[in-house]
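J.: Mind docking chain B on chain A? Use the hints.
Taken in order, these protein sequences are the chains called A and B.
The UniProt record's numbering puts the first residue of the first sequence at 1, with every later residue one more than the last.
The UniProt record's numbering puts the first residue of the second sequence at 1, with every later residue one more than the last.
Since the hints were derived computationally from the structure, they do not count as laboratory data.
Far from chain B, by Cβ distances over 12 Å, these chain A residues were calculated:
| id | residue |
| --- | --- |
| 1 | L10 |
| 2 | D28 |
| 3 | L61 |
| 4 | E91 |
| 5 | V112 |
| 6 | P148 |
| 7 | D213 |
| 8 | S364 |
| 9 | N365 |
Here are the simulated SDA-like cross-link-like pairs (lysine to any residue), alpha carbons at most 25 Å apart as the crow flies:
| id | chain 1 | residue 1 | chain 2 | residue 2 |
| --- | --- | --- | --- | --- |
| 10 | A | K285 | B | R300 |
| 11 | A | K289 | B | G211 |
| 12 | B | K171 | A | H268 |
| 13 | B | K289 | A | Y280 |
| 14 | A | K177 | B | E172 |
| 15 | B | K289 | A | P64 |
| 16 | B | K171 | A | E172 |
| 17 | B | K178 | A | T130 |
| 18 | B | K235 | A | N290 |
| 19 | B | K178 | A | D128 |
| 20 | A | K178 | B | W126 |
| 21 | A | K289 | B | G17 |
| 22 | B | K289 | A | G211 |
| 23 | A | K312 | B | E172 |
| 24 | A | K242 | B | S68 |
| 25 | A | K285 | B | E283 |
| 26 | B | K177 | A | V131 |
| 27 | B | K289 | A | D237 |
| 28 | A | K312 | A | A201 |
| 29 | A | K285 | B | K289 |
| 30 | B | K242 | A | P64 |
| 31 | A | K242 | B | A67 |
| 32 | A | K289 | B | I267 |
| 33 | A | K235 | B | A67 |
| 34 | A | K289 | B | W56 |
| 35 | B | K289 | A | V306 |
| 36 | B | K312 | A | H268 |
| 37 | A | K285 | B | I267 |
| 38 | B | K285 | A | E284 |
| 39 | B | K289 | A | D128 |
| 40 | A | K171 | B | D308 |
We put the beta carbon where it would ideally sit given N, CA and C, even for glycine.
Protein chains: 2
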Amino acid sequence: MTPVPNPRILYASIPTGYPIPGENTKYDDSEQIDLENVPLKGGYLTRTVLISPEPWLRERLRDPTVASYSSPMRLGLPMVGSGLVKVIRSEDPKIKVGDFMTGLIPWQLYIVHPWEGWQPWPPGHWPDFTVDIDAGGLSGLTKVQKLPGKDWTAVPGVLGAPGRTAWMGLKEYGDLKKGETIYVSTGAGALGLMVCQFAQAAGLKVIASTGSDEKVKYLMEVIGVDHAFNYKTTKVDSALSKWGPIDVYWDNVGGETLDAAIAHCNIHARILACGYISEYNGEEKYGVKNLAWIFKKRIRMYGILVGDLVPKWAGPFFEEVYKLLAEGKLKTQEHIVHGLENADKAWVELLQGKHLGKTVVVVSNPEA
Amino acid sequence: MTPVPNPRILYASIPTGYPIPGENTKYDDSEQIDLENVPLKGGYLTRTVLISPEPWLRERLRDPTVASYSSPMRLGLPMVGSGLVKVIRSEDPKIKVGDFMTGLIPWQLYIVHPWEGWQPWPPGHWPDFTVDIDAGGLSGLTKVQKLPGKDWTAVPGVLGAPGRTAWMGLKEYGDLKKGETIYVSTGAGALGLMVCQFAQAAGLKVIASTGSDEKVKYLMEVIGVDHAFNYKTTKVDSALSKWGPIDVYWDNVGGETLDAAIAHCNIHARILACGYISEYNGEEKYGVKNLAWIFKKRIRMYGILVGDLVPKWAGPFFEEVYKLLAEGKLKTQEHIVHGLENADKAWVELLQGKHLGKTVVVVSNPEA
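Only chain A is shown next, with the shape it has when bound in the complex:
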């Protein structure tokens, strides 16, 4: 059969601030693939349906001599991130044509699995806190079903990193008690929306901050949080003075926001430290000055990475999420972008907080 183009988004150069599509990342359609004859070597061939750009990828686009919690991405290869693929050929008896699979994939249209682009670092190359993302694509892909009453585009937000991280993080470390108050930074982002709703389901009062008045309205009117504010026009400190104190702080931001939140914590509060986006794009480091309160108020602060929690919580998570969905208690909200060629732009806009809910890039029709 005639080869067809196999477009990709390549990681082209290390960004200094926000990545620049076309410069740090590049759309490339120079490769071709013969879908009927490409050798599968016992594996399987997929077509990418959805790409799920996520904030944590930013950390991977760095000088590869710098250690961090995930290994750096490989220059010249496709960007790698979460996605949903459909099986179009298979030599693996456990994988059938028509199956949908989710996990870490290169940002390209067609992929033979296991993907040859995985390039694990030599053992001992990274400190032991670094997860080598390229070591076989972590745990490989897993089969996934459509969610009841939802489009396929709802899967990355609910079953992917945002839903898992929110649910498992709150379960393991939140110690949530009915009637307590939680503050969620980046409340209208993919992860924040899940945190808000799981906290509501547990009977907490929810305060959420976000970056636009439109998102504040959405949080108040659609999600029904108790209080929401635009951090660009209202100081965290004054919002929490009014609506706090807080028992739980879900922190995706760090820096100045964390500093203010600590000041408004109750005794025995829990801080769930899940991200530090105030520093992801080369911003100057903010010095946090309120840490004496950690001891004075006996606050507990937990660093969260969802990979640590999956082995323990995956089972109960699926049960609970399907139950909440079936009861209509879990709203999903996607910002949908069409076309692989727009995936990098969609990702950068996500980093800049330009949109509401989970950014999902529709690469191809799931029904095709």
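T.: Relative to chain A, chain B alone:
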């Protein structure tokens, strides 16, 4: 009988930096007491044997409009802190003449219990994270025995705040595993010495910092820690580069030391935040810049106040400590000062880190 003087150390004015004896605190012997005839109203009369000055008292000498974890001390009344007293008269059938009691007491020679100086704040006056120290002297005094093979002067260090905080904090939050590495700031202080030794007993490698070469020598040669350094001449960062990384950090200091320790934490490290002496005496607040590592390395950080832990751990603590003492595995080290009139000076020198081990003020002869 002729009344005798009842000397006291009064809290005279709010200090700005380190308290100044004679100015912020004042020795006063103007009061008299008739030991045979003073009415006991069903209580008991004690003579103070030991005063145990502790760093946390500094926080109480503050502007009373400022909230903190403990209520402010009352100007014009005696300083209040831990001590050991001997019963010399009693109308309480549970308390016998000759009993030794420990707990919070006014810094004065003779005390009728319950002490009339306790002045609890009105309900709701303080936020719920504030412990009202004056509410009946917390839980009152408890009877205490001499420790096997030790003088009475060993009691405040082992059974008082330092020993309890160290043991219960490590037990509740340390998650200590044999072969791990702990870093202890203020390692040669009363609390630090206990942390070092309990960690050694649990099979950890111990790194300790302290403020003089003499104390470094003591930690290495007498306590037998694996590594010790003088933080005034060796940077925390370079010491931990050499001897780290660390799995547990016992933090009494906060600020810059905490910042450096975070940088040298292993994945899943625990930080036990037990004090912030870098800010106790009006120093400028240091902004901690390494907090993104909390999430990246999935560090857990716990604020510790021993009062929270006593109900759960008091029983096992006494068992373990007596066992370690009986086996000769727990060294005690006191800096002994004689005379009630020197208690405030001894306390300020403790805040300044001038001495090794637990500062104990001998007020009167326990055998008398």
